[in-house]
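Build the complex: two chains, separate frames, hints provided.
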Amino acid sequence: MDFRQIVLTLIVFAPVTAAVIIFLTPKDKTMFVRVVAAVATFISLALAIYIFIAYDRDAAANIPAAEYQFQALVPWVPSLGISYHVGVDGIGLVMVLLTGIVGFMGVLISWNIKDRPREFFAFFMLLVAGVYGVFVSLDLFLLIFFYELSIFPMYILIATWGSTRKEYAAMKLTLYLLIGSIVALIGILAVYFSAQFPPGLLPDGATHTFDLLLLQQANIPIEVQRIWFLPIFIGFGVLAGIWPFHNWSPDGHVAAPTAVSMIHAGVLMKLGAFAAIIAMRILPDAAREQMPLVILLVTVNVVYGAGIAMVQKDFKYVIGFSSVSHMGLVTMGFATMNQVGMNGAVLQMWSHGIMTACFFSVVGLIYDRAHTRQIDELSGWARYLPLAAVAFIIGGLVSMGMPGFSGFVAEFQIFMGLWQGPFFGQIWYYPIIAILAIWGVILTAAYVLRIVQQVFFGEWDPHKWHDLRPSNFGDKLALITFSVLMILIGIVPSLLMNTIQLGTASLMKLLQGG
Amino acid sequence: MTGEQLLHGLWAVLPEVILLLLGILVISIDLIKRSQIRGRTFGYVTIAGGLVALAVVFYQMLNQQPQPAVAFAGMVRVDLFVQMFRMMFLVALILATLISLDVKGLKTNGEFYGLLIFSTVGMGFMAASNNIVMLYVALETTSIALYMLAGFIRESSVSTEAGLKYFLFGAFTSTILLYGLSLLFGFTGGQTNYSEIAVALQRLVANQETLPALVALVLITVGFGFKVAAVPFHMWTPDVYEGAPTPITAFISVASKAAGFAVFIRFFLIVFGPLQEQWVGFVAILAAVTMVLGNLVALQQRNFKRMLAYSSIAQAGYLLIGVAAVGELGIAAILFYLSVYVLTNIAAFAVAEIAANATGSELIKDMAGLSRRAPGIAFALLASMLSLAGVPPLAGFFGKFYIFQAAVGYTNPAGQNSLVWLALLGVLTSIIGLYYYLVVLKVAYVDRAEGEDVPLKTSGGFKAALTITVAGMIFFGIFATPLYTLSTLAAQAVR
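So the protein lines, in turn, are chains A and B.
Under the numbering used here, the residue at position 438 of the first sequence is numbered 438, and the numbers go up by one with no gaps.
Numbers given in the numbering used here equal positions in the second sequence, counted from 1, plus 1000.
Chain B extracted, bound-state conformation (with noise of 0.2 Å):
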């Protein structure tokens, strides 16, 4: 590799890098001055780097060239696709630390920040990978900072218990994934590059020889199944997101679920791409299980945060529409939709954090009285509920449009539309999603409780991420079109 090349590469993949440095930087003075740290410092470090590794990602985004910037003899792929994923990544992790800011435990922690920040390069590098092996270590990477984030407070035994169930769900899902990802390289003839398995494969369908090629699909699908929280991969959700400090719950409903769909939709349309015709079905059946099995369970839900991660779950059967939906229309619904998403569940997530410390308590039902206590929290509340239902003025019901638009608009080869069953069973099950989120506006506005006259103070860290959240739910819902045409954009530029 010449010297050109690396520089290249290493411009490609500059944001990872600044990641990497700054989580260097975490530790670093976590090691040598753990003791005389107090505060928010390691927060603030952690966001003024991330806004950073964001100017660059926009930079190049206003400099991108048409072509992709393939790096590394081909194991990362650079293009518009994978810059809206890292944007994502970057403001959540920017949004979760915020959170993060005043939760005891948390705060003057380096190693947290650190983990974090490892992780979100994991991420990065899953939406930009072109290449089996680095698909699978970039996996890994996010994976194993997550789980360690998940079990972080130890003196709590539900997060050591979210988080060993987390790895061991993820460790066995994982393996799968592995050897499904064997299968590919063995029956491609040791092809590892996605569009060179790609073409193999099109052999194999030429020759009608695709039984191992499916198999190999079924084995990846519970891989990628695990990181959205697909049905019925999604058993780890509930606990994980229960027991998993607030912010780490927020970080992984949202970073989590969008890596976990930028490398589904890269594998399946790219590698996958001649199999088109088998898994449109199954992942049009994957779907519609996701959303009925999401929104029912999350109806019965006491927890606020259980709750929640049913509502993720269900979420995600959404976004499968989109995959379904292959194409232009359903990318880009996707990465509008998951953009949204990101700024709505951290808001809930956030609001979560806030009702529990106040009252000690996850449950539904104790956050009794907030627009007493707190009108603004209660109104970000209101804002995040109504976008996860998909209700205008807020972002949430352009992007359930979109999808489900992607979903009527959607023929086969045959010319037929062979979805509109699923956009029909979206709409009845968002109607479900729509009752359990009701719910919790109902105990907020209405019931009442005890020492509702006392005010409840927030922190800073939260009044400025909610403030953030809301405004970008309300703007993305006014103003959706630069967004659009972004998401557009970036779906052109996946193959």
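Chain A extracted, bound-state conformation (with noise of 0.2 Å):
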């Protein structure tokens, strides 16, 4: 079989192999668990990275249809049109990597947790497998499949090896996540029934599919799309936090171990972002009709959670609230409806992700030293953690969309987009919202710099704490590749926009209904 076909499949099945290996193993070989978890997620972070090479950008710009490739294509219920179809195209390919980074980062931060390990390395493989097969897939079916996968691993994770209220947190993130999926899968089949193909299209004798790039090209009754666009986005963007359902997520992320937290808002997040996006490619008529709704929605996410993260006392609820407000910028990338602002909104994914989860392998640097995250209680970290500093810098500065770092490239491109408005023609409120939304921005710099003076710079005080060690390789190694990361995509953009724009493209050409 042709590489090409199974790489995908290669990157989703390592964690899962790596998962089963881990249960059973006997209780005491902790060591060797570590090592298969990390040994997996480096292959599929290898092969992320040998897909992002070797991806095909002339096709993928020139051929029609050519924007999804590494394609495999197995039935899988063949009676109900449901089959295994993964593929990526410009957007899933950087998704993947994204995941691959901050997957393998997260067992490298993890290396030393004591309670369980096996069980805790076994639920990580998971649910990084589960990220993976969403970002992967081209059936509605197995979408949902992975995105169902990818969640109740976090329950366990969360409950058992988080702090602050973890059982709490953990159920209402499983709730709102799961209520949010299972209406966009209502949505779904709603879709799924009413969808009428020309003729040809689908295989003989079959009647319905959940083929996404069939049902792209299927002929959706406008009624249809009108009462079930809002449903499967919103379904699935509770996972991208949008306002008003974005209650799970600060929470969720205090309470998360450090590695958790990480593929959570870095990663996890994106996968919301990415599945709402489906709605848009399969209801474009209605995507047009509606996206500038949403757009209102997310403005809030934009400002409030800006506002609540600077009045917050737990280092680490800073950062869930201002995951947020960023994902609010992401969604708001897409409701601009013209190619800029996806582009934007695609790279501010990326971005946040590496951001976020820089941010919280520091916060949980200094947790597992100073056991406490109040702001007011810290002071000084900078003369002893000196590289989680200049780390936490650096993803301060991309948080607050400083040009020469990532998160400008993101950022300036929404805004673009905002003010050139949808395609369609100017919607009379689109640069009231870029105003509006800027005050995001200038919040989110007033409490990134609150947190830098307060917690890294001011008083040291070796003797309040007692249990300092210094950082290991691991967490060394993670804190420079996502702040290497962070500058190199800042200063080189081009890196991964010309592969983000031939995602955006063929979005855009689905929903101008060519």
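Heads up, a few of these hints could be off.
Said to hold, decoys possible - Quick list of in silico lysine-lysine cross-link-like pairs, DSSO-like style, CA-CA up to 30 Å: (1) B:K1457 to B:K1104; (2) A:K114 to A:K313; (3) A:K27 to B:K1365; (4) A:K476 to A:K464; (5) B:K1165 to A:K114; (6) A:K29 to A:K172; (7) B:K1457 to B:K1165; (8) A:K114 to A:K29; (9) B:K1104 to B:K1033; (10) A:K27 to A:K476; (11) B:K1457 to A:K27; (12) A:K27 to B:K1463; (13) B:K1104 to B:K1365; (14) A:K476 to A:K114; (15) A:K476 to A:K313; (16) A:K29 to A:K476; (17) A:K114 to A:K464; (18) A:K29 to B:K1463; (19) A:K114 to B:K1457; (20) B:K1463 to A:K114; (21) B:K1365 to B:K1463; (22) B:K1457 to B:K1365; (23) B:K1365 to A:K172; (24) A:K464 to A:K313; (25) A:K29 to B:K1457; (26) A:K313 to A:K509; (27) B:K1104 to B:K1463.
The hints are simulated quantities; they were obtained by calculation from the structure and are not laboratory data.
What follows is the structure, given as structure tokens:
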């Protein structure tokens, strides 16, 4: 079999295999378990880098329907039109790469976990596999399958290895996300039954299909589109933290163990946005009508999230609410309904993913030593963990959208997109939203600087802390990788933008009705 | 009846014949040699007999004629639909036997296994019945054996109470059922065969004289509703589930429910086929009430077995969605869901029994520390709870998906879809369900307890049952297609 056909499957199933091996390992073989987890995530990362390089960009730009590459198609439940169909476009590609990086670093960061490491890594592997699965699914059933597969390990991971009201947070998160996903599933079923296909498109004898590529070409009645667009978009959007369904997210971030927070804020929330734009792909007519309403919701995200982040006393809650604010910008970028804004949105997904993963690893490092996250009680940590301080400041600059960092490129394009307005004609309130949303950025600067000043600078009192130990190799590697990536993409955004554009171009083409 | 017809008939009901002989064998061993039997002999004999019957079912399925085998002057009708239910009953019988192998007071008692086998025989005939007289006899055969089994531990007052309650409720509802059946008999001019009643009903519908038939429909629903534990005929469930010996609870919760659905589907689809427009809404409401009440009350339970009782009521609600979404999709969904449910619920009750043996308590909070004491058992609990909640990659996910798909895909004769609301309600209530399933997992994985470092020893019977069920849940959660294809074929065979 051609390697290009199985590479995505390998990426998804490397962590699954690791989870099975880990479950079957005797309880006391901790080192073996860690190594298996690290090797599996590394294999996935290496393959993710491979597909990022090997993706044929010329073909994707010039040949119609060639933007989805590395496809594999195996019938799963043929009588219902369900298949194991995987493939990536420009957007999926970037997200797979992001998952690879954050997943591997997550294993390194949680190297020294003490309570039942075997179970921890097994569930963590399932989580990573589920996330990969969503990003490569081209079948909506498969997508839902992986989507829910990535939610339930979160419950056990947060409830068991978390901190600060962990059981409450884990339950809240799971219920919010599963409600969203099942409502979206019902919507998808409604679309599935009402889609009409041009003759000859479906395999012989089939009347319905869950295949995304086929559904994109189907004719779906406008009434069905109008009813089900928002349930699908917002059902998935819950995971992207769309206001007023964002409430699970800060609690979940705070309660989760470090590696899970990293995956969760860094990658999992993107999964929500990624799945939500599926609704735009299959229901383009309703998307044109209703996305201008969605933008009103996410404006609240951007401004309110940043405002709440400013008044938090717990270090990790600040990051949690900042995620709500930044993910609002992502959805806002898609809601601009033009390619510039969407490019910005996808890049923001990447940039926020790396930045938040970096933030959470720094918070984890400090919390492991200080056993507190109250901002008032922490000070002068730049003295003891200089690398963490540097990484946090770089992340902070990305977060504020400083030129020269990846966040700037992303947010700049989103605001450009807002001024430009939807492709089918400017809507009067888009410029107003741009003006409101810019306040979110200003508030971001305020809370980031507040933390940097209080936590990292100021008096350092080594006698106050009893559990001081230097950071280990894995932590350093993770922090350096994150920092380098944030600067690299800031300086040479074309590394990613070339790929992202291919994905957004095809999305725009669908929205424009061709 | 000629000899050839008799042979044909016996071949059609061969699995039941084998079970009947097996039951007699077990009882006779018990009578003759009880004092000499130690250990698991009865259990092993039961399992062996069950496996033989299962092999026969498989053989018959492979050689299934396209025409259903109708035998004994139209009393029974065996088709793929029946075979699939037989499979569920036999698997449930074998698994229930496995988890009773090491339970004190049951394992050395031949009567226990004999009754278990006889009730399985009754279930087989329930699924195969094609005549209201046959239906009632089969139903009583099943029920009476189960009443005795529920009250089997005579020294325990909860078990006796469970048996008595089950009997009183059962006798009451079965009388109402019988009244409904006799109304049908009277108003259709003395017909007892399903399809002939349907023809007569068709005539009544054409003359717009449907009222007596509707009364009969309601009365019969009471009887079936009791078997499947649908609200408002569910009152017996929590007490019986709590009081009965756990292997019996497991058996009642899956096999008896499956048998109930077998007759429910057959009867409503064939006998009440002409009245379909009237009963779809009725069953939909029954489903809605059952899901809501089952899930809400399950939230408040502290006893694990009671929680599972309400959860099984809620599951009956989801299954009723499949009945309401009448048609191939709906029935195939029910068959798939039930097959998976057999594995899932037996696993859950097996864990309940293990935990209760270890701690002497059936409360959920006393399962704390299970993951530290016995990671394997805790994993089985995880798998069964998540499968009940419908989370991938476990088989319950596909089950729920098929059910909701059937509801969304349903169109009434006017061409409209009138069941999307039911699917949405199902979604909402299944989220409630997720909550209490997760709470159990939280207790097992997160909470700490005294003595949590003491490893928990489990005996071979439980281990075997849990291995089979968990492997099945994962297998059918990933490779759902073969089972679903079979369910679809069986659904096509109903009419």
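Structure-based check of each hint:
| no. | hint | result |
| --- | --- | --- |
| 1 | B:K1457 to B:K1104 | holds (16 Å) |
| 2 | A:K114 to A:K313 | holds (28 Å) |
| 3 | A:K27 to B:K1365 | holds (25 Å) |
| 4 | A:K476 to A:K464 | holds (24 Å) |
| 5 | B:K1165 to A:K114 | violated (50 Å) |
| 6 | A:K29 to A:K172 | violated (33 Å) |
| 7 | B:K1457 to B:K1165 | violated (34 Å) |
| 8 | A:K114 to A:K29 | holds (12 Å) |
| 9 | B:K1104 to B:K1033 | holds (19 Å) |
| 10 | A:K27 to A:K476 | holds (29 Å) |
| 11 | B:K1457 to A:K27 | holds (16 Å) |
| 12 | A:K27 to B:K1463 | holds (19 Å) |
| 13 | B:K1104 to B:K1365 | holds (24 Å) |
| 14 | A:K476 to A:K114 | holds (20 Å) |
| 15 | A:K476 to A:K313 | holds (27 Å) |
| 16 | A:K29 to A:K476 | holds (25 Å) |
| 17 | A:K114 to A:K464 | holds (24 Å) |
| 18 | A:K29 to B:K1463 | holds (23 Å) |
| 19 | A:K114 to B:K1457 | holds (25 Å) |
| 20 | B:K1463 to A:K114 | holds (29 Å) |
| 21 | B:K1365 to B:K1463 | holds (23 Å) |
| 22 | B:K1457 to B:K1365 | holds (20 Å) |
| 23 | B:K1365 to A:K172 | holds (20 Å) |
| 24 | A:K464 to A:K313 | holds (19 Å) |
| 25 | A:K29 to B:K1457 | holds (21 Å) |
| 26 | A:K313 to A:K509 | violated (46 Å) |
| 27 | B:K1104 to B:K1463 | holds (17 Å) |
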